[in-house]
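> Using the sequences provided together with the hints, build the complete structure.
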Amino acid sequence: MRKVARHRLFWPVTALIILMVINTIARPRFASITVQDDRLYGALIDILRQSAPLMLVSLGMTVVIATRGIDLSVGAVMAVSGAVALTIIDNSADANSTTTVLVAVTVAVLASLILGVWNGFLVSVLGIQPIIATLVLMLAGRGVALLITDGFITTVNSRPFAFISTGYLLLLPFAFFIWVAAVAVVALIERRTALGVLTEAVGINPEASRLAGVRFRSIIWGGYAATGLLSGIAGIIYASNIRAADANAAGQFIELYAILAVVLGGTSLMGGKFSIAGTVVGVLIIQTLESSILFLGVPPAQSPVFFALVVVVVVVIQSPALHRFVRRLGGPGRSRRISDPDVEVGATP
Amino acid sequence: MPADSQAPPIVEMRGITIRFPGVLALDDVDFFLRPGEVHSLMGENGAGKSTLIKALTGVYPVDGGSIEATGSSRVFHSTFDAEAAGISTVYQEINLCSNLSVGENVMLGHEPRKVGRIDWKAVHRTAAEHLAGLGISIDTRSLLSNHSIAIQQLVAISRAMVLDAKVLVLDEPTSSLDRGEVDQLFAVIRELRDKGAAILFVSHFLDQVYEISDRITVLRNGKLVGEYPVGDLPRDDLVTKMIGHRLDDLVAISSTAAREIDRTVMPVLRAQDVGRRGVLEPADIDVFDGEIVGIAGLLGSGRTELVRLLYGADRADTGQIEVDGTPSKMTSPRHAIERGIAFSSEDRRAEGIVSDLTVADNIVLGMQARKGLRKIRRSTRESIVSEYLAALDVRPRDPDMVAGNLSGGNQQKVLLARWLATAPELLILDEPTRGIDIGTKADLQRKVAELSEQGLSVIFISSELEEVLRLAQRVVVMRDRKCIGELDSQKSDLEGLIDFIASEGEGSAA
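Protein chains in written order, with the working numbering: chain A, 32 to 380; chain B, 2 to 511.
Note that these hints are calculated values from the structure, not bench results.
Do not rely on the hints blindly, as some may be mistaken.
As the list claims (entries may be wrong) - Cut-off 27 Å, straight-line C-alpha distance, at most; resulting in silico cross-link-like pairs (BS3-like, lysine-lysine): (1) Lys492(B) / Lys330(B); (2) Lys304(A) / Lys483(B); (3) Lys242(B) / Lys304(A); (4) Lys492(B) / Lys448(B); (5) Lys242(B) / Lys224(B); (6) Lys372(B) / Lys448(B).
Unchecked claim - Estimated spans, in silico, between C-beta atoms of each pair: (7) Ser99(B) / Tyr72(A): 50 to 60 Å; (8) Asp315(B) / His38(A): 39 to 49 Å; (9) Gly158(A) / Phe206(B): 31 to 41 Å.
No residue lacks a Cβ here, since even glycine has one placed at the ideal position from N, Cα and C.
Following this line, the structure appears as C-alpha cells:
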C-alpha cells in the first residue's frame with residue numbers, strides 16, 4: 032500500500048477518481064453508459080471524445096516541457112490547421128469526397144508541422160527563449176489563420192470531415208482512437224528508443240548533455256516539430272466538431288490548459304523527468320471537470336470560479352509539502368526523507 | 002596560536018546519529034567547537050563530514066543525539082534558523098545567484114533599507130567594504146557569473162561575514178582558489194578567529210589543514226575516530242586514521258611517470274596554433290599513444306580553455322587539429338567523440354552529472370548519445386554498468402540510485418565510467434580529483450595510470466602539481482592564457498615546476 036501511495040501517478044489518479052465519484056454521487060446518471068445504434072453513450076464516453084484536442088496538444092507540451100521549453104503557440108497552430116483544412120474543402124468541387132478531406136487534412140497537418148519546425152528553429156538554432164520564440168507564433172498565428180479564411184468563419188458541410196470528431200468506430204468515438212493512437216506512438220517512441228532518456232538528460236542538464244555528445248539541438252527541435260504536428264491534428268478535430276474554421280475561438284487558451292494538464296500529471300515545469308501517463312491523467316482530470324460543470328448544472332457565470340476552485344484543490348492535494356505535513360501528523364516517521372531529493376547518501380563530496 | 006581548550010564549547014553535538022535509506026550516515030558522533038579556534042573536520046568521501054555540517058546547520062534533521070549551539074539546546078529546522086543563531090555556512094559547491102550582481106549576492110536577504118525600500122547605494126557600499134575586508138576590489142555592480150569560480154567563492158565567504166557569524170562553517174572553501182587567494186582567505190580566517198569566532202574548516206588539502214587548524218576531528222565511515230590538537234597528530238597518523246590503513250598506493254603510481262613513451266610515431270592528437278581570440282593564445286600540443294600529458298598552471302592560466310578547444314566544446318578560431326594523422330575539424334563535442342576523444346569537465350555539477358537520472362543512465366549516456374536513438378540492449382547495458390561500478394569502486398554500488406545523491410568523488414567515478422564506456426583513444430580529464438578525498442583520489446589516479454599502460458592517451462589537468470608530476474610523463478606549463486613550455490616530469494621536481502610556472506616575472510593569473 033505504501034508503495035502504491037508513493038507512485039508518482041498516485042495523486043493525479045486519486046484526484047481523477049474523487050472527481051468522478053463526486054459527480055456520480057451528485058447525479059448517478061454520470062456513470063451510466065448505454066448502447067444505442069451500435070454506439071456507446073454516456074457522460075464518460077463524452078469525456079473520452081471531447082478530450083481529444085487537449086490530449087494531443089498536451090502530449091506535445093509534455094515533450095517540450097521536458098526539454099526545459101514551453102510552447103505557447105499550440106492554440107494558434109490549431110487555428111491555422113483548421114483554416115487550411117476548411118479552405119481546401121470549401122474550395123473543392125465535392126466536399127463529401129473522402130479524397131478531398133484526406134488531402135485537406137494532410138496539407139493542414141503538414142502546415143502545422145512546418146510551424147512547429149519554425150518554433151524549433153527559433154529555440155534550438157537561434158537560441159531564443161522558448162516563451163518568447165513561441166509567443167511570436169501565438170500572436171501571429173491567428174492572423175495567418177484569418178488571412179487564409181479571408182477574415183470569415185468558413186463553414187462546410189462534409190460528412191467525412193465531420194466523422195473525424197463525431198464519428199464512431201467499434202462502439203467508441205473515432206476521436207478517442209485518434210488520441211489513443213497518438214499517445215501510444217509518442218510513448219513507444221520515447222520509451223522504446225533512447226529518445227525519452229536523452230530528452231530528460233537535455234532537460235535536466237543541457238550543457239552536460241552537449242558535452243556528452245547528445246544531439247541536444249535535434250532533440251529540442253524535434254519536440255517543437257512534434258508539438259506542431261499534434262496541435263495540427265487537434266485543430267482538425269476541433270474544426271470537425273464545429274464544422275467550421277473559427278480563427279479566433281479555435282484552441283483559445285488551450286496552451287494554458289495543456290500546461291496545467293502536464294503539471295497535474297506530475298511533470299515539472301523545470302524540465303527533465305516527464306510522464307506521458309501522467310499527462311493523460313491530467314487531461315482527463317481537466318476534461319472531467321469541464322463536463323462536471325455542465326453535468327452539475329453550474330451556472331455559466333460561475334463556472335470559471337468553480338473550475339478555479341477545483342484546480343486549486345487538486346494542485347494542493349498533490350503538493351509534496353502537504354504530504355509531508357500529513358505524514359508528520361501521522362507520527363514521527365523516517366519515510367519523509369526517502370522522497371527528499373536533497374539527500375546525499377554517504378555524503379561528503 | 003592554539004585555542005584555549007578550557008573555553009566552553011560554543012557548539013556541542015553529542016551522539017549525533019543520522020540514517021539515510023539503507024545507510025547509517027552518522028553513528029553516535031560527538032563534535033565540539035570552541036570560540037577562537039579553527040577546527041578541521043577530516044575524513045574520506047562518505048565519512049560523514051558534509052552530513053555532520055548539514056546536521057549542524059539545520060539542513061538534515063537528526064535521528065538521535067543533541068545539538069547545543071550558542072548557549073542553548075536547539076534544533077534548527079532550516080538554514081535560516083541556523084543563520085539567525087549565528088551559524089553561517091559556505092558550501093563547497095557555490096550556492097549563489099549567478100544572474101545577480103556581486104553586491105546583491107553579498108547582501109542578499111540583509112539589504113540595508115531606507116524608508117521601507119532597499120537602499121541600493123548602501124547595498125553596494127557595504128558589499129564593497131566586506132569584499133575589501135577579503136582584499137578583493139571588484140565592481141559590486143558587475144554580474145556574478147562574469148567572475149571566475151575563485152572570486153565567486155570569495156564572494157560566498159564575504160556573504161557569510163555579512164551575517165557577523167559567531168560560528169563560520171567553511172566546506173572546502175579553497176578547492177578552487179589559487180595560492181594567493183588562499184593566503185588572503187587564511188588571513189581573514191585568522192582575523193575572525195582572533196576576534197573569537199569559531200571556525201569549522203573542511204578541506205582535502207592536508208597542507209592547508211595543517212597551516213590553519215588548531216584542532217582536528219577525524220571521522221571514518223560515519224563514526225568518530227577522535228579529536229586531536231593539531232600538534233599531536235602528525236600527517237602520517239592523520240592519513241592512517243582517515244583511511245583506516247596506511248596508504249602506499251600513491252607511491253606505486255609514480256612508476257607511471259617514468260614509463261618510456263615512443264614519440265617517433267604518429268601522435269594520437271597533434272594540435273598546432275590552436276587558439277581563440279580573448280580566450281587562448283595559439284598553442285601547440287602533441288599527445289602520443291599511451292602517454293599521459295599533464296597540464297600545469299594556475300587557475301585561469303588557460304588550461305581549461307585549451308582542452309575545451311581541443312574537444313570542440315568551444316570553437317577555435319585559429320589552428321589545426323590532427324587526430325591519428327587526419328586533419329579534423331573540432332566544431333562540436335560530437336565530432337570529438339566520433340574521433341575517439343573524451344572530455345570530463347572540471348565542473349562536475351554543471352557540466353558533468355545529469356543529477357536526476359540514475360547512475361546507470363549517467364554511465365551509458367555517452368555511449369547512448371554516440372549510438373543515436375537505438376537503445377543499448379539491456380543486457381549490454383547491465384554488464385557495462387556493473388563492470389564499471391565494480392572496477393571504479395563506486396559507493397554505494399547501486400545502478401538505480403539517482404546520480405545527484407552520490408558524493409562528489411563517486412560522481413567523478415561515474416563520469417569517468419561514462420567516458421571509458423565510449424572506449425576513447427584520448428581521455429581529457431580536467432581537475433578530476435578536485436574536492437575529493439585522498440582514498441578516492443588514489444583510486445582515480447591508479448585507474449588512469451593502469452589505462453594508459455594499456456594504451457589510452459590522457460591529458461590530465463590538476464591544480465595539485467604533485468599529482469601531475471606523479472602521473473604524467475610530460476608536463477605542459479601554461480600561464481596567462483598561453484603555453485609557456487614543456488617539462489619532462491622525470492627531469493623535474495615540484496620546485497622546478499613551481500619555478501617554471503612562476504618564471505618570467507610575476508605569475509599572476511586567475
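> Now tell me if each hint is right for this structure.
Right, here's what the structure says about each hint:
no. : hint                              : in the structure
1   : Lys492(B) / Lys330(B)             : 35 Å, violated
2   : Lys304(A) / Lys483(B)             : 42 Å, violated
3   : Lys242(B) / Lys304(A)             : 42 Å, violated
4   : Lys492(B) / Lys448(B)             : 24 Å, holds
5   : Lys242(B) / Lys224(B)             : 12 Å, holds
6   : Lys372(B) / Lys448(B)             : 26 Å, holds
7   : Ser99(B) / Tyr72(A): 50 to 60 Å   : 58 Å, holds
8   : Asp315(B) / His38(A): 39 to 49 Å  : 43 Å, holds
9   : Gly158(A) / Phe206(B): 31 to 41 Å : 39 Å, holds
Violated hints for the displayed structure, listed by number in ascending order: 1, 2 and 3.
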